[in-house]
Amino acid sequence: MIVAEAKTLEEILESLQGMSKVLVVGCGGCVSVCLAGGEKETGILASTLRMKRELMGDPLETVEETLTRQCDPEYVQQLAKKLEGIDCILSLACGVGVQFLAEQFPQTWVVPALNTLFAGATMEHGLWEERCGLCGECVLARTGGVCPVIRCAKSLLNGPCGGSQNGKCEVKPNECAWQLIYNRMSELGRVELLLEVAGAKDWSKSRDGGPRKMVREDVKIDG
Amino acid sequence: MAEEKSKLQSLFEQGEFAVTCEIGPPKNAQGDGIRKHTEHLKPFVDAVNLTDNQTAIVRLSSIGAGVHVLAAGGEPIIQMTTRDRNRIALQSDLLGAYSLGVRNVLCLSGDHQTFGNHQEAKNVYDLDSIQLIKTVKDMREAKVFQSGEVIKQGEPRFFIGAVANPFADPFEFRVLRLEKKIRAGAQFIQTQCIFDMERFEAFMDLARKRGLHQQAYIMAGVMPIKSAKAAKYMQKNVSGMLVPDGIVEKMSKAEDQPAEGVKLCIEQIKHLRTIPGVRGVHIMAVAWEEIVPEIVKGAGLLPRP
Amino acid sequence: MEKRESGKTESFYPKIIAFCCYYCAYSAADLAGSLRLQYPPAVRMIEQPCSGKVDIRLLLQAFEDGADGVYVAGCMEGDCHFLKGNIRAKKRVNAAKKILDKVGVGGERLEMFNLSGSMGPRFAEIANEMTERILRLGPNPLNTARAERATKGEEGDPK
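Chain order of the listed sequences is A, B and C.
Counting in the numbering used here, the first sequence runs from 1 upward without gaps.
Counting in the numbering used here, the second sequence runs from 224 upward without gaps.
Counting in the numbering used here, the third sequence runs from 529 upward without gaps.
Since the hints were derived computationally from the structure, they do not count as laboratory data.
Where hints are given, some of them may not hold.
What the hints assert, rightly or not - For lysine-lysine, the following DSS-like pairs were computed, each having C-alpha atoms within a straight-line distance of at most 25 angstroms:
(1) C/K619 x A/K40
(2) C/K630 x A/K21
(3) A/K40 x C/K630
(4) C/K618 x C/K581
Unchecked claim - Partial selection, computed: residues in chain B whose CB lies under 7 angstroms from chain A:
(5) S332
(6) H335
(7) T337
(8) Q354
(9) A391
(10) P393
(11) L399
(12) R400
(13) K403
(14) A407
(15) S462
Glycine included, every Cβ here is placed at the ideal spot set by N, Cα and C.
When you get a sec, could you build the whole thing from the sequences and use the hints?
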C-alpha cells in the first residue's frame, strides 16, 4: 500500500488561510489502512481544524466526505454535488488522490493534508516499512526477494558497502539490506548467484524516464 | 602529454612493495596546501590518494586536487564515488581527469550523505562501485562508453583501483565482493584500515584460496592513531571499522600517545609485509599527513624507487 | 487561571462528560449511589461497553459540543474485560490531549482514570477531583469564543 502521514497542523492551517468553508475528503484506500486518511482521521482533522479556527477568531465550516478511493474517476465524481459554496478541498489521500481531485475539479482549489511517504507494508499495528522503490524493473529474482534498490540506502546492486556491521546499515538504525540478502541466499544455498556482476540499471524505466503510463488495450472498455 | 602508463602500475609490475598515502582536499578553493603536502610526501610515497568529498563533506574536488599533486610532481590516485554523479558526469570527469594527466582512479560508493554537511542532499547512485569499475575498464579495453557507444579515439586508460573492507559484515561475503570487483576490472585494491590483524589474515587466507592475490595488487590499509580518544571513537562510532580493545588499551596506557600510535602503525606495517599476497601499504593519516615520512622510514620502506 | 478574570466565572458551573466503562466505573457509580456518597452534578455519565470503545473523534466532539471537561473511566490496568481496551483508551486519551493542547482548548481538560467496580468512594473522589480541576480552569474556551461572537452580533450560530 501507499503509506502516508499527517502534515503538521500549522502547515495545514497555513494552506487554508482565507478559506471559510472547506470540503475535507478522506480516502478509503491505502491511507485508510495506514490510519492516515480514512473516515476516522478525516473526522479528527476536521474537528481539530474547526476548534483551532474558532479559537483563532476565524471560524471554519467543514463538510466531511470519505470516498471509496480518490484515484478512480467514478468515486471522485461523487464529490461534484458537494462543491457548492466550498472554498477549497482538503484531501487526506496520497499525492495521487490530491492531484486527481485537482484534475477532476479544475475550478476548485485543492490542498493536501498528508505527506505521502512510501510503498510499504504493515509490520505491526502502528508500524509501517518501505518495501518497494517502484523502479519499473524488478530485481528481486536476483536478490532473494529482498530489494536493494529501496532497502539499501545507496541502492547498491552488487553487494554491501563497507558500512555494514552487525547486520546494521551505516545509516542508523536501518537493517543492512545486503545482510538480509546474504542471509537468505545462504539459507537457500544460492550464494553463488551473488557472484554475478549486476550491470548498470536501466533507470529510464523508473521515474527518471519521466512520468510513467501503463496501457492495456485488452481491458479498455471504449475504443 | 603525460605518460600513458601509471607510475604506480609500473612499480607493481616491477614487483615493488608499494606505498601510498592520502591527502584530504581542503574545504576551500586553495590548492597550495595540497602542493605543499605533495612536495613533502613525494620522496616517501609512490602515489597519493585524493579523497572525493569524504564523509560527504564538501571539499575541493578530487580531480582538482589531483592536478595540484601532478603540478607538484606527485602521482595522484583520484577517488571517485558514485554518490554524487550519474554515469554521464562520472564518465565526463574520467575523460577530463585523464586529459589532465591523472592515471589512477579508485572507484567506491562513498559515505552516505547523512554523515556529511549536506544531509538534505539527494544521493545519486546511478551506478554502484562495481558498475563504475566495469565502466572504467570498458572505456579502456573495449573503448566504449557505458551506453555501448564507441570512443573513436583518445580513450582514457586508467589503472583501476577499488576498496575492500575485511571488517564489515557479512564477513564471508567480503572476499566474494572483492572477487566481484576484480572480475569487473579492479587491478589494485586498498583495504580499510587494519587494526584487527587476525581478521585480516583470515580474509587474506580466503582471498588466496580463491587466487585473488594473483589477480590484483592488494594494498593493506593502515592508520596511525593520534590518541586513545580517537581509538575509542573509531571503535564505537565508525561503521565498518574494527578496533580491538588491546589497541585502545595500549594507547590509553602510553605516556606519549601520538608516539605510541606511530609505533603501533610501524609494527602493523612490518607484520603486514609478511602476509603473502599483500603488495603494498596504504597509509591513511587523515589530518596528520606530516607523520607519514616517519612511519615509512620506521617501517624500513626507504628509499622509494 | 486567567480565565477567572472574565467575571463570568462567578456563575460558571462546568459540564463534564464521563465516558464510563460498564464493567467498572459504571458499577462504581451505582455503588457510590447506594453508599449515599455525594459527587458533583456537573458530571454526566455516558455508559460504554468498554473504555476501549471511546475514540478520539468522540472525545473531540464532546469538547466541540460544549463540554468543559471530559474523562474516560476504565478498569484497572490488567483487569480489562476485553483484555486491553483500557490500555488503548489511555493511548487515545493521550493523543487527544495533544490535539487539545495544539488547538488551544487544553489537554488538561481531558483525563483517563482507572478504577474497579467495587471502588464507589473512588468514583466520587474522581468526580470531585475533575470538577475542581475544571472549575479552576474555567469554561471551555470554545464556549467563551462562541458566546463572544454571538454577542458581537455576527452570524453567531455556534455549532
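Each hint, compared with the structure:
A C-alpha spacing of about 16 angstroms is found between C/K619 and A/K40, which places the hinted pair at or below 25 angstroms, so the restraint holds. Of the pairs offered as hints, the one joining C/K630 and A/K21 holds, with about 21 angstroms between alpha carbons and a cut-off of 25 angstroms not exceeded. For the proposed pair A/K40 and C/K630, the alpha carbon gap of about 19 angstroms is at most 25 angstroms, so the pair holds. The suggested pairing of C/K618 with C/K581 holds, with an alpha-carbon distance near 11 angstroms, which does not exceed 25 angstroms.
Taken as an interface hint, B/S332 checks out: its beta carbon lies about 5 angstroms from the nearest beta carbon of chain A, inside 7 angstroms. With its C-beta approaching chain A no nearer than about 5 angstroms, B/H335 sits inside the 7 angstroms limit, and its interface hint holds. Hint status for B/T337: holds, given a least beta-carbon distance of 5 angstroms to chain A, under 7 angstroms. Here the hint on B/Q354 is kept, as its CB sits about 5 angstroms from the closest CB of chain A, short of 7 angstroms.
The closest approach between the C-beta of B/A391 and any C-beta of chain A is roughly 5 angstroms, which is under the 7 angstroms cut-off, so the hint is satisfied. Satisfaction of the interface hint for B/P393 is found here, the shortest Cβ-Cβ separation to chain A being roughly 5 angstroms, below the 7 angstroms cut-off. Interface restraint check for B/L399: the shortest CB-CB distance to chain A comes to about 6 angstroms, inside 7 angstroms, so the restraint holds. Satisfaction of the interface hint for B/R400 is found here, the shortest Cβ-Cβ separation to chain A being roughly 4 angstroms, below the 7 angstroms cut-off.
The closest approach between the C-beta of B/K403 and any C-beta of chain A is roughly 6 angstroms, which is under the 7 angstroms cut-off, so the hint is satisfied. For B/A407, the shortest C-beta to C-beta distance to chain A is roughly 5 angstroms, which falls under 7 angstroms, so the interface hint holds. This hint holds: B/S462 has a C-beta 4 angstroms from the nearest C-beta of chain A, less than the 7 angstroms allowed.
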